[in-house]
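Chains A and B supply the protein sequences, listed in that same order.
This note's numbering applies: residue 1 is where the first sequence begins, and numbers increase by one.
This note's numbering applies: residue 1 is where the second sequence begins, and numbers increase by one.
One or more of the hints may lead you astray.
[What the hints assert, rightly or not] Here are a few chain B residues that face chain A, going by a calculated C-beta distance under 7 Å:
(1) A53
(2) E76
(3) M82
(4) A88
(5) F90
(6) H92
(7) F101
(8) L105
Just so you know, these hints were derived from the structure itself, not from any lab.
It should be emphasised that the depicted structure is a prediction, and the values quoted were computed from it without experimental measurement.
Built from N, CA and C at the ideal position, the CB exists for glycine as well.
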Amino acid sequence: MSLRRVRLAPGAGLLWLLPSVLYLLTMFVYPFCYGVYLSLRPVTGDGGLSFGNYLGFLLDPWQARTIWVTAWIAVPNTILTVALALLVAYTMRRGIWLERTITTLLVLPIALGTVLVAEGINGFYGPKGWLNQLLVAAGISDPVRLTRNYTGVMLALFVQHFPFCFLMLLGYISGIDPALEHAARIHGARPWAVFRRVMWPLIAPGAAIAFALVFVMNFGVFPSAVLVGQPAGPTRTIAIAAYQQAFEHNDMSMASAIAVIMGACQLVGLIVVLLLRSRMAATGVATVGAGKR
Amino acid sequence: MAEQIKTLRFRLTKRFGVKTVLDDFALEVQGREFVTFLGPSGCGKSTALNLLAGLLPLSAGEISLDDARIDRLPPERRGFGMVFQNYALFPHLTVFENVAFGLALRGLPRAEIADRVARMLGLVQLPGLEGRYPGQLSGGQQQRVAIARALVIEPRLLLLDEPLSNLDAKLRVEMRAEIKRLHADLGLTSIYVTHDQAEALSLSDRVVVMREGRVVQAGTPMDIHDRPASLFVADFMGYRNFFPVSVTDTRADGTVAGQSGTLRFAGRGAAPLELGAAAIAAFRPEDLMLTEYPPGENVVWGRVRLTEYLGREHDLEIVLDSGQVVKARVPRPVAVRSVIGLRLAADRVVVLPPEDGGAGA
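Please model the entire structure based on the sequences and the hints provided.
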């Protein structure tokens with residue numbers, strides 16, 4: 001029996017794309033465009049389009065400050081998360097003792113959700129938490145303030161994003177052919193030289209993607225900033241500013257403008273990282289096979 | 001060029017958990033020697049190579065090079081070169097940078113590195129490709145780069161882990177000759193791992209046949225090819241006909257005769273065998289000759305069941321009266337279902353002790 005090729009009319013294949021295109025249009029493109037449109041029609045304005053909201057936000061020091069507050073949390077936290085995840089994943093690249101258990105433990109926070117993690121951090125690191133009780137009981141120090149401030153937010157974000165970043169990098173690193181490392185060792189490279197000359201150039205494109213994603217997630221920080229931070233001041237992030245405009249001041253238009261500014265900041269971060277990545281690619285760092293896990 | 005070694009002596013035991021992969025695998029390799037570890041997959045040959053390279057720790061045993069222990073040295077301090085089955089070229093480095101890798105780590109001056117890399121690329125017949133990346137090269141070119149990378153550091157010992165098995169048949173034969181030429185020209189000491197008997201025979205000064213982590217036979221390629229000591233080696237070296245016999249005669253010149261029903265074989269005894277003992281007469285398809293002799297010692301008659309034309313020769317399957325099948329390779333065509341006689345020279349038959357497990361007829 002011969003199989004007959006079914007020939008579709010030109011363009012008929014596009015028909016199959018329609019459901020997903022419709023979904024994207026209604027669930028993403030339209031709300032996004034509507035948000036942008038909303039942001040350009042200030043409630044105080046005359047009903048026409050204007051940049052009043054944007055100017056109002058950027059020229060108000062109390063509001064504009066949230067960009068720096070957010071960046072001051074997001075950038076160091078992203079660097080810390082990616083660096084530590086890289087260290088752990090690199091160490092575990094050829095498998096370690098109890099690997100499955102350790103991986104499960106590390107991944108658990110993803111399943112638990114932001115609020116539970118924040119509560120856990122309050123319970124453990126809080127003024128009356130186990131850590132402080134232990135420190136005081138051992139006579140090591142007075143209670144240390146680790147929650148309801150910048151440190152608390154940093155801890156919460158790290159706990160939430162580390163597993164994701166770690167898994168992504170582990171997949172990436174363990175996908176690199178072990179023979180490359182062996183070849184480097186035999187032909188004279190010590191472990192550090194293996195990392196610097198062979199492994200890092202191959203890992204860097206993956207690390208850049210991990211960095212970009214963690215940065216975007218960190219920049220949108222909201223629940224952690226409220227629950228374990230100090231949302232009235234030092235950890236009043238841009239997401240909190242948007243929330244307050246929307247639900248405390250009932251100014252959806254201003255809130256939309258703030259959301260657009262937040263998106264723009266995330267986009268700038270992404271572009272910087274991707275530019276760096278493409279510069280690496282131009283020097284010959286080929287993307288190696290995807291991870292095996 | 002390379003710093004010449006006198007002897008490499010090792011005794012390797014490797015266990016993974018409860019599984020013993022190498023069981024006191026011992027050998028002495030002389031300087032400038034080309035030694036091949038030959039065996040089926042899982043026999044421990046690659047593990048042995050990785051232990052020598054320092055990529056795996058020994059469970060027990062030792063490795064010494066010119067009487068200095070090296071088994072505790074990390075791989076980067078052993079001064080070896082290695083060629084991998086999948087080439088293992090650094091994908092982010094150019095051909096030049098790949099070959100220069102070991103030299104740059106040794107802190108040599110730029111001019112000397114450039115000079116040595118250029119010379120080595122000439123030697124492996126790859127000039128003009130310095131600026132390419134491995135992904136832009138063919139498999140054969142990649143393996144040449146990998147060989148250049150291993151040789152440019154003037155290794156005391158060159159380790160090759162199935163370097164040709166990813167190449168197509170024609171290229172494999174070409175590269176085989178290339179490796180042999182480089183080994184001789186540069187005065188290298190090489191250890192080569194393969195499961196391909198043709199590679200082992202054509203390249204080696206000495207072949208070590210391995211099975212389940214042990215040496216089953218070691219010798220020159222001719223030794224291994226013509227005088228297999230066991231059924232396993234015979235099967236691995238291309239013997240395709242195995243006839244269980246009982247020993248009827250042992251002659252002073254080492255010839256052993258055996259009989260099974262009306263079939264009688266005589267050949268070189270691979271081990272001392274007693275009269276009446278069970279043995280196996282083994283021979284290769286290509287050692288059978290068409291004959292008009294009547295049935296007798298080393299002459300069998302049967303009906304052709306299958307013919308395969310191979311270009312220069314014809315492979316036949318002949319069914320004997322006993323129902324047993326003989327595989328033969330003859331120079332001229334033979335009709336299917338015709339009855340033919342086949343003769344063996346006594347020096348082409350080997351009478352082996354039976355063996356539990358392993359190869360069989």
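Here is how each hint holds up against the structure:
1. A53: holds (5 Å)
2. E76: Constraint on B:E76 satisfied, holds at 5 Å.
3. M82: Holds: closest Cβ of chain A sits about 5 Å from B:M82, inside 7 Å.
4. A88: holds (4 Å)
5. F90: At about 6 Å, which falls below the 7 Å cut-off, the nearest Cβ of chain A leaves the hint on B:F90 intact, so it holds.
6. H92: With Cβ-Cβ at 5 Å, under 7 Å, it holds.
7. F101: holds (6 Å)
8. L105: This hint holds: B:L105 lies near chain A, its Cβ roughly 4 Å from the closest one there, short of 7 Å.
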